[in-house]
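Take the sequences, apply the hints, and build the full model.
There are 2 protein chains.
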Amino acid sequence: MSDDIGAAAPFGDVLSASVKDRRSQILLGLDPEPATLWPDALEAGNGLPDGSLPRERAAAAVAAHCSLVLAATAEFCVGVKLQLASFERLGVEGRAALDFVVAAAKAHGLIVLADGKRGDIGISASSYAASLFGRTQTPWGDVDGLGVDAVTVNPLLGAETVMPFIEEARKSGGGVFVLARTSNPGAADVQDRELVGGGTVSDVLAGMVNEVGETGSSGIADVGAVVGATVPGHLASLRALMPTAPILLPGVGAQGGRVEDLGPAFAPGPAGGLITVSRGIVGAGTATDTAPAGAAAAAAEEYRSLAWSISAAG
Amino acid sequence: MSDDIGAAAPFGDVLSASVKDRRSQILLGLDPEPATLWPDALEAGNGLPDGSLPRERAAAAVAAHCSLVLAATAEFCVGVKLQLASFERLGVEGRAALDFVVAAAKAHGLIVLADGKRGDIGISASSYAASLFGRTQTPWGDVDGLGVDAVTVNPLLGAETVMPFIEEARKSGGGVFVLARTSNPGAADVQDRELVGGGTVSDVLAGMVNEVGETGSSGIADVGAVVGATVPGHLASLRALMPTAPILLPGVGAQGGRVEDLGPAFAPGPAGGLITVSRGIVGAGTATDTAPAGAAAAAAEEYRSLAWSISAAG
Chain A
1 MSDDIGAAAP FGDVLSASVK DRRSQILLGL DPEPATLWPD ALEAGNGLPD
51 GSLPRERAAA AVAAHCSLVL AATAEFCVGV KLQLASFERL GVEGRAALDF
101 VVAAAKAHGL IVLADGKRGD IGISASSYAA SLFGRTQTPW GDVDGLGVDA
151 VTVNPLLGAE TVMPFIEEAR KSGGGVFVLA RTSNPGAADV QDRELVGGGT
201 VSDVLAGMVN EVGETGSSGI ADVGAVVGAT VPGHLASLRA LMPTAPILLP
251 GVGAQGGRVE DLGPAFAPGP AGGLITVSRG IVGAGTATDT APAGAAAAAA
301 EEYRSLAWSI SAAG
Chain B
1 MSDDIGAAAP FGDVLSASVK DRRSQILLGL DPEPATLWPD ALEAGNGLPD
51 GSLPRERAAA AVAAHCSLVL AATAEFCVGV KLQLASFERL GVEGRAALDF
101 VVAAAKAHGL IVLADGKRGD IGISASSYAA SLFGRTQTPW GDVDGLGVDA
151 VTVNPLLGAE TVMPFIEEAR KSGGGVFVLA RTSNPGAADV QDRELVGGGT
201 VSDVLAGMVN EVGETGSSGI ADVGAVVGAT VPGHLASLRA LMPTAPILLP
251 GVGAQGGRVE DLGPAFAPGP AGGLITVSRG IVGAGTATDT APAGAAAAAA
301 EEYRSLAWSI SAAG
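Those protein sequence lines, which keep their order, are chains A and B. Numbering of the first sequence is given in the working numbering, commencing with residue 1 and proceeding in unit increments. Numbering of the second sequence is given in the working numbering, commencing with residue 1 and proceeding in unit increments.
Zero decoy hints are in this set.
Covered stretches of chain A (in silico footprint by chain B; criterion: 3 or more residues with CB under 8 Å from a CB of chain B, positions within the stretch not fixed): (1) 78 to 89; (2) 95 to 102; (3) 126 to 134; (4) 152 to 166; (5) 185 to 196; (6) 203 to 212.
Output of the computed footprint for chain A on chain B, the stretches with three or more beta carbons under 8 Å from beta carbons of chain A: (7) 31 to 45; (8) 180 to 188.
Calculated from the model, a selection of chain A residues having no Cβ within reach of chain B, i.e. all distances over 10 Å: (9) Ser67; (10) Lys106; (11) Arg170; (12) Ser217; (13) Gly263; (14) Ala293.
Hints were generated in silico from the structure; no laboratory data involved. Note that the structure is a prediction, hence the values are computed from the model and not measured. Note that CB positions come from ideal geometry on N, CA and C, so glycine has one too.
Right, here's the structure in full:
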């Protein structure tokens, strides 16, 4: 509603309170692969009427899978990171599944992050922001967007293209995480390039994050950064360039990142680092062939407990 | 079908033949804004049953608007550039409208470019590629993606994150346009940074385009670049770094770019430059208060004729 504008608490403060309340910095990563869903979720796809399309069955199973994973693990997490590509590839039904999963995650009290890494020029950035956080005006009334709490944004097009996301986010107390140094080996191709005058491309991006963010009473800013947990060497130097930004840390587990190496993220407080784990939780039962829900819950609690202790020691 | 793999003609050759056949380098930009649709399109929204939701009416009107614009202008264009954000913000119905517009554009014989500027690490890049070009395997059969001919891709995460798009595109003779120097003023924040060892970030990206592209018998590569028509000074130097890449040139018209300045794009042939025009065609009637279809057709033909003559002079 338009009278919400300006009334929302800043994202950094909301995040900080939620991390302390749930004693967790874990973001459950959901990037459901139709071929490897939990067995009980397949029943949702099998149960549709004869003649249902593959994408209808797959979307129903994806939604059920996410529900089951959330039910098993939400209590150990502070939020959920939804990989938009995983839903988009299932078309209309995939979008309906995404809407369902956003609502399910909110019902568990989780902060919902849409990981879409969008980035475009001003007018199109505003459209993406409306699509994710806000609403679109039409001659027949406003159309609500996805309604998430936070998004990832790609800053290659510059600060002016990041600002529409931040402006829209602030209306509802939402947050924006700007890619600064991603977790993949090939990130070095562009992000690690050294610049005339000093620093790297990633340093420029971290400086941008620091400049556009606003820091509330919690000491955590409303604009964050994505820094791969796979490059702890970069983490300390990037943290120095953006002392209050919450840092989203993908790459723990399957990609080789270790929670033990992430101490610098927590310098401004327990909400200074958010650790996303996808396969390490959702697929925890695969290796041991145990029931997936129990193994996922145990893995989520293990990650939660480890991260919490690292943050407390920082 | 999997037996299509490897049989498709390379994108550069398809593009080149289509440009010559249609004597056009114009890509119609569709980024429909529900508040400013053509008047006749509003009837499609108004005509839905009582109780229809705003997003249902808006999506119906957006689909009708795109149909009308295509009917008026397709004969002067070689392709269409669809801004994905404009459809995503209308949710499930927006995705259905997008599917409809892709089919409508194909029926007019146009090359369909999805302008989503996606970019993510390998496994998620593959999901986006499946979503746009390919198909997703599920236990109930394959789910087809959007089925476009080409996409825009953001290379901030490195060449390894661009390759999944290229690999998927090649299976169906599709193309990928990598952001090299975008049309917005703020692009300078990151893309114009000068690097130790020489060149700029944009130069690195153009080098990447040149390296990963394959050039067929037409002399036009299957991997292209996005270079803003607003920065003709960059165009000549970037063209030298990627001599056979097709260059997508946004920013003509409302953003200030001029077709007359785009000669270097056409060095490898008439398909070396593709000029995207959105408001300059779709909104051509607004200023003069004429019927939108007639004004749009006249504007499209004017852009087509001018670009064709510049390319022939190059």
